[in-house]
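Engineer: For the protein sequence lines, the chains are H and L, in the order given. Each step along the first sequence adds one to the number in our numbering, with nothing skipped, and position 93 is 93. Each number in our numbering comes from the position in the second sequence (counting from 1) with 1000 added on.
These aren't lab readings, by the way, just hints derived from the structure by calculation. Quick caveat, the model's predicted, so the values are computed rather than measured. All C-beta atoms in this analysis are idealised placements derived from N, C-alpha and C, irrespective of residue type, glycine included. Incorrect hints may have been included.
[As the list claims (entries may be wrong)] Label pairs and their in silico Cβ distance ranges: (1) L:THR1020 <-> H:ILE109: 39 to 47 Å; (2) H:PRO8 <-> L:THR1111: 20 to 28 Å; (3) H:GLY9 <-> L:GLY1038: 14 to 22 Å; (4) L:LYS1013 <-> H:GLU57: 18 to 26 Å; (5) L:THR1113 <-> H:ALA93: 32 to 40 Å; (6) L:GLU1101 <-> H:LYS67: 38 to 46 Å; (7) L:LYS1013 <-> H:PRO10: 15 to 23 Å; (8) H:GLY9 <-> L:GLY1003: 41 to 49 Å; (9) H:PRO110 <-> L:ASP1030: 30 to 38 Å; (10) H:GLN80 <-> L:GLY1096: 18 to 26 Å; (11) H:LYS67 <-> L:ILE1005: 35 to 43 Å; (12) L:SER1070 <-> H:SER12: 44 to 52 Å.
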Amino acid sequence: QKEVEQDPGPLSVPEGAIVSLNCTYSNSAFQYFMWYRQYSRKGPELLMYTYSSGNKEDGRFTAQVDKSSKYISLFIRDSQPSDSATYLCAMSASGNQFYFGTGTSLTVIP
Amino acid sequence: AAGVIQSPRHLIKEKRETATLKCYPIPRHDTVYWYQQGPGQDPQFLISFYEKMQSDKGSIPDRFSAQQFSDYHSELNMSSLELGDSALYFCASSLGARPPEQYFGPGTRLTVT
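Use the sequences and the hints to build the structure in full.
Structural biologist: Given below as structure tokens:
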């Protein structure tokens, strides 16, 4: 069983929709939770990270962590075609070695 | 702003050959991480260095070695290449040994024929 599970999608939504991306994990020692965006043939780009539980908001993006359920989410409001990419969750116990999900492919249709 | 630089961007090698990948971290970043991403796969952590010392080790094959130099750049050396080593190799850098903010380079695409 992988440390981190993520639905690979693909996910296709109309422009302006709210997008919900999710990951589950099994290692209760994880305390750093990150979301990356990866465009084709590019390196992952850090979007947001949270430490321990709670919510974090940055513009149209909101990250939520529920450690009791071992479940994290990324919400994208007012989605734009430029948001079309693969979204990877990543987690770490130490802040050093990361464990990635397989990524969810998102397409926002104009 | 300066980003992580990786070279070469593309590399084609034959089986059993050797390859060296280079990573130049963001200025002032002292920690470097190496990841391998196979086609349609998530990035797999290989190894990391903090202040020129190995800080963590993941699923790096024994055929691979890496080091971080005095100027903080890092090199990943891969010997006895196999077809399965064909992948995108990412380097990431961060400031300090324990933060979650890793900044990724564009990757080196290695093809083994």
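Engineer: Work down the list of hints and note, for each, if the structure agrees.
Structural biologist: Structure-based check of all given hints:
1. L:THR1020 <-> H:ILE109: 39 to 47 Å: 43 Å, holds
2. H:PRO8 <-> L:THR1111: 20 to 28 Å: Holds: the Cβ-Cβ distance is about 24 Å, inside 20 to 28 Å.
3. H:GLY9 <-> L:GLY1038: 14 to 22 Å: With Cβ atoms ~18 Å apart, the hint holds.
4. L:LYS1013 <-> H:GLU57: 18 to 26 Å: Hint violated: Cβ distance 46 Å, outside 18 to 26 Å.
5. L:THR1113 <-> H:ALA93: 32 to 40 Å: Holds, since L:THR1113 and H:ALA93 (Cβ atoms, about 38 Å apart) stay within the stated range.
6. L:GLU1101 <-> H:LYS67: 38 to 46 Å: 20 Å, violated
7. L:LYS1013 <-> H:PRO10: 15 to 23 Å: Violated: the Cβ-Cβ distance is about 32 Å, outside 15 to 23 Å.
8. H:GLY9 <-> L:GLY1003: 41 to 49 Å: 28 Å, violated
9. H:PRO110 <-> L:ASP1030: 30 to 38 Å: 43 Å, violated
10. H:GLN80 <-> L:GLY1096: 18 to 26 Å: With Cβ atoms ~33 Å apart, the hint is violated.
11. H:LYS67 <-> L:ILE1005: 35 to 43 Å: 36 Å, holds
12. L:SER1070 <-> H:SER12: 44 to 52 Å: Check passed, 49 Å falls within 44 to 52 Å.
Hint check: violations occur at hints 4, 6, 7, 8, 9, 10; the rest are consistent with the structure.
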